[in-house]
Amino acid sequence: INTIITQSKTISAAQQLNELTIQLQNIQTAQENLVAKAIAEETIDLSKEISGILKMVGSADLALEQLLTIQQNNMLYGIADVQKRISTLLIMDWSFLGVGILLCVLLVVVLTKSITKPIFRLVEITKEIAKGRLNQDTRVTGTLEFEELSNALGDMVHTFQDLSKVTGNMAAVSYTHLRAHETSLHL
Numbered sequence: 107i108n109t110i111i112t113q114s115k116t117i118s119a120a121q122q123l124n125e126l127t128i129q130l131q132n133i134q135t136a137q138e139n140l141v142a143k144a145i146a147e148e149t150i151d152l153s154k155e156i157s158g159i160l161k162m163v164g165s166a167d168l169a170l171e172q173l174l175t176i177q178q179n180n181m182l183y184g185i186a187d188v189q190k191r192i193s194t195l196l197i198m199d200w201s202f203l204g205v206g207i208l209l210c211v212l213l214v215v216v217l218t219k220s221i222t223k224p225i226f227r228l229v230e231i232t233k234e235i236a237k238g239r240l241n242q243d244t245r246v247t248g249t250l251e252f253e254e255l256s257n258a259l260g261d262m263v264h265t266f267q268d269l270s271k272v273t274g275n276m277a278a279v280s281y282t283h284l285r286a287h288e289t290s291l292h293l
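With positions in the sequence shown counted from 1, the corresponding number in my numbering is that position plus 106.
Calculated from the structure, these hints are not laboratory results.
This structure is a prediction, so every number in the text was calculated from the model and none was measured.
You may find that some hints are simply not true.
The calculated lysine to any residue pairs, modelled on SDA-like cross-linking and capped at a C-alpha distance of 25 angstroms, are [unchecked claim]:
#, residue 1, residue 2
1, K237, M262
2, K237, N275
3, K233, Q267
4, K219, N257
5, K190, I176
6, K237, H264
7, K237, L255
8, K223, T249
9, K161, E138
10, K223, E234
11, K223, G238
12, K237, T222
13, K223, E253
14, K161, T135
15, K233, T222
16, K233, T265
17, K223, T244
18, K271, Q242
Estimated spans, in silico, between C-beta atoms of each pair [unchecked claim]:
#, residue 1, residue 2, range
19, D268, L291, 29 to 37 angstroms
20, E230, L284, 33 to 41 angstroms
21, I221, T282, 49 to 57 angstroms
C-beta atoms are modelled at their ideal positions from N, C-alpha and C, and glycine is treated no differently.
Could you build the full structure based on these sequences and the hints that come with them?
Here you go:
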């Protein structure tokens, strides 16, 4: 809307300039006619006519100066409006950049936790198994890879539990045989 107003003021100023140019041409024509008339009729007081023409030229000059001032003001207003819009766009750009960086940081934190949390849980489970505590819950939630690793760890714990039972049974049988053999030797 401001641009349309500025353009209409510019068009109006151009029309005024055109009208003033026509007036100046009319004044010049009138001056030429007066000079010719004064020469033809020596009775006309030439100084009064020239003074009137000079007043008209002076008023046309004043109108041109006013028109130039209006044009300069319109240009300054347009420049100020453009600078204001550029400032607004820069603020918006920096805001979007800040929000984007914040979202990236948030995404990195979430992704990092989704990877490290299952790893830390698997490390805890493995340490407990290494201590001989085979009754650990090995289920870990997370991505498919972590769930597969968790299932494999659970299978390994079951294998260790089975081996532990077999070893325990073998030890019990060996102990029984050893006791029996010792008893037979003492007798």
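For the pair supplied as a hint, K237 and M262, is the alpha-carbon distance within the 25 angstroms limit? Within the cut-off at roughly 15 angstroms; holds.
Would the hint linking K190 and I176 be met if the CA-CA limit is 25 angstroms? holds (21 angstroms)
Is the Cα-Cα distance between K223 and T249 25 angstroms or less? holds (11 angstroms)
For the pair we were handed, K223 and E234, check the Cα-Cα distance against 25 angstroms. Measuring from Cα to Cα gives roughly 17 angstroms; hence the hint holds.
Holds or violated: are the alpha carbons of K233 and Q267 at most 25 angstroms from each other? Distance ~16 angstroms between K233 and Q267 Cα, so the pair holds.
When you check the alpha-carbon spacing of K233 and T222, does it fall within 25 angstroms? Holds, at about 16 angstroms.
For the pair we were handed, K223 and G238, check the Cα-Cα distance against 25 angstroms. With a Cα-Cα distance of about 23 angstroms, the restraint between K223 and G238 holds, given a limit of 25 angstroms.
Tell me if the straight-line CA distance from K219 to N257 falls inside 25 angstroms. Cα-Cα ~21 angstroms, so holds.
Within 49 to 57 angstroms: is that where the Cβ-Cβ distance between I221 and T282 falls? holds (51 angstroms)
Against the range 33 to 41 angstroms, how does the distance between the Cβ atoms of E230 and L284 compare: consistent or not? At roughly 39 angstroms between Cβ atoms, L284 and E230 fall inside 33 to 41 angstroms, so the hint holds.
For D268 and L291, compare the CB-CB distance with the range 29 to 37 angstroms and indicate the outcome. This hint holds: roughly 34 angstroms between Cβ atoms.
For a C-alpha distance cap of 25 angstroms, please report whether K237 and T222 respect it. holds (23 angstroms)
In summary, this structure violates none of the numbered hints.
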